[in-house]
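Chains as they are written, first to last, in the working numbering: chain A, 48 to 191; chain B, -14 to 373.
Check before you lean on any hint, since a few could be wrong.
Per the computed footprint, the stretches of chain A lying under chain B, defined by three or more beta-carbons under 8 Å from a beta-carbon of chain B, are [as the list claims (entries may be wrong)]:
| no. | stretch |
| --- | --- |
| 1 | 48 to 54 |
| 2 | 82 to 90 |
| 3 | 95 to 104 |
| 4 | 133 to 144 |
Keep in mind the hints are simulated off the structure, nothing from the lab. The beta-carbon is built from N, C-alpha and C at its ideal position, and this holds for glycine as well.
Given next are the chains, with one letter for each unit.
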Amino acid sequence: MPTLPSRRLEISYNIPISRTKKFWDGLREGKIYGTKCRRCGKLYFPPVADCGECYSSEMDWVELSGEGEIVTFTHIIVRPTSFQDQQPYTVAIAQLKEGVKALAWLKDVKRKDIKVGMKVKLVPRVSEDGRVTYEFRPAEKREY
Amino acid sequence: MRKVAIVGVGHSKFGERQDVNVRELAFESVKTALEEAGLTPRDIPYVSVGSIGVWYEEPLPAVAIAEYCGLTGSSLIRVEAACATGSAAVYSAYTAVASGYFDTALVIGVEKMREVDTFTAVELMGRAGSYLWEFENFGLTFPGYYALYATAYMNRFGASEEDLALVAVKNHRYGAMNPLAHIQREITVEDVLSSYVVAWPLKLYDCCPITDGSAAVVLASEEKVKELKVDTPVWIAGIGSSSGTGTLSYRSDFIGLDAAVKASRIAYKIAGVEPRDIDVAEVHDCFTIAELMAYEDLGFCGRGEGFKMIREGQTEVGGKIPVNIDGGLKAKGHPIGATGVSMMVELTKQLREEVKPSSRQAPMKNYVALAHNVGGTGHYCYVTILRR
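With the sequences and hints as input, model every part of the structure.
Right, dumping it as structure tokens:
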């Protein structure tokens, strides 16, 4: 079919992180922070600056153990354009000890060994391209 | 609130439609819908356009389409509710007519998704959940979202990958009978299981295709229906809608969609019907797991029993509740903004008992039909109940 290629546009958004800066700084210091509402006590991970439950903006930063159990997972084989340079990756959701859930890549484990209920730890990481992030690793280290 | 009926429907061929641009694609459905209603563009005071955009060149599709279809000057709105955009556009037009604000309204659902390459489409859909917390660092894709539900569902209830495959096989069987469907080809369980993995446990044939398409419906008040002498008006008996968190990890479990449960209970209550009264349903099978969860969320069966319904053939023509007998999103295709409107078109034809071939016509007992249209992974949900 004949088509007319449009003009090209490249977009990157500058996402403000001033109000959750402690979280991003924490990752560089090896810590995982959530926020806890000073008024109603609700714990948030990922962290928020404002409580959607009681509308307070008085939040405390709480360091999380990162210890949890896998609730569900998937292996992403068909990857988006901006993840084409990555190998297929495993995304998991885990229930953390503190009562919140987290979603992140699960690394350092063979696909066939991943099970719902598996114990994992959420740890900060600086990626190869310099991005601060966090990932799950198996709580019990196995030899591969 | 006044009674509101669907008095005209139009539907383009779904598929890879690089023969038309977004305006021309919308025109195909608008033309038929207006002709069926016996109206001209000048008779339409309110136009609601459902389209996500981003995969095609026009940032203001409602304006471009209204201009092309001779609707400039009408009250015009563009609606977004992720993959439930079409139903949200219907909802907007329904409330506009039911409230007495307008006597007629036109709903146009349209999407042109094939103007970008597959990986870009995967990227744009993947970003549309919680960009900051689930895409930026983790590249979670739309098939990935539903795969997380599939893993949890299979683990909890003992459903298998074969059970998921049965949904695809059923919907492809009906899609093969629908000349407007994107994929008109039957497949086997083996085809599904041996297709490549997209987001484990979901494989290519567990996923709907990336599709271009449009659909349109004309709505009218009861007085207008009489004035137009419409033979077979199909009434909107109730619409329920709800929403869920964008960030999946904020949710309590991954075995059903709370937004769909809530939306359906509201719709049943307004329409005064129960699940057992439904003669035919269109449910949002963007992925095979989504159809099984829909059976349960809508109350067609109990929680954890959806895979038994598909095993027993209860959602085929002749079964308890025929579901997606136009091929569903799975085979008919899922042009995002068009899907909810396409559901209304199909159910209107089912309720008028004019579906060809007759093997694709659901038997009517109560003349009640239900459309379940989910945006994202239960980020939005609209349930619309129609009655003849």
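Status of the hints after comparison with the structure:
no. : hint       : verdict
1   : 48 to 54   : holds (count 3)
2   : 82 to 90   : violated (count 0)
3   : 95 to 104  : violated (count 0)
4   : 133 to 144 : holds (count 4)
Hints 2, 3 from the list above are not met by this structure, while the remaining hints are.
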